[in-house]
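Based on the provided sequences and hints, a complete structural model is requested.
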Amino acid sequence: MKDSRALAQAMVAIGNGAGVKTMALITDMNQPLGSVAGNALEIRQAIDVMKGGGPADFRELVIILERGC
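Residues in the sequence shown are numbered consecutively from 0, following numbering that gives the first Met the number 0.
Calculated from the structure, these hints are not laboratory results. Hints may be right or wrong, so weigh each one.
What the hints assert, rightly or not - Here are the in silico distance ranges between beta carbons for each label pair:
1) Met28 with Arg66: 14 to 24 angstroms
2) Gly51 with Ala9: 33 to 43 angstroms
3) Lys1 with Arg43: 29 to 39 angstroms
4) Thr26 with Met49: 28 to 38 angstroms
5) Gly18 with Gly52: 30 to 40 angstroms
All C-beta atoms in this analysis are idealised placements derived from N, C-alpha and C, irrespective of residue type, glycine included.
Okay, structure coming up:
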């Protein structure tokens, strides 16, 4: 958990330092979310969620992120 928190803080600092509003969530990655794996496919799945679709578990996380926690 200590390493996770340090990584999250570093990533947020990088994003905010670049002028991009950034936040991090530390989540349990022991099982996949949604129905795809891989960055491009996960982005596509997130867009599907924003349009009202997508798998329920992934939709829940995207909605939390969209609201800014």
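Status of each hint after checking the structure:
no.: 1; hint: Met28 with Arg66: 14 to 24 angstroms; in the structure: holds (21 angstroms)
no.: 2; hint: Gly51 with Ala9: 33 to 43 angstroms; in the structure: holds (34 angstroms)
no.: 3; hint: Lys1 with Arg43: 29 to 39 angstroms; in the structure: holds (34 angstroms)
no.: 4; hint: Thr26 with Met49: 28 to 38 angstroms; in the structure: violated (19 angstroms)
no.: 5; hint: Gly18 with Gly52: 30 to 40 angstroms; in the structure: holds (31 angstroms)
Violation of the numbered hints given earlier is confined to hint 4; every other hint is satisfied by the structure.
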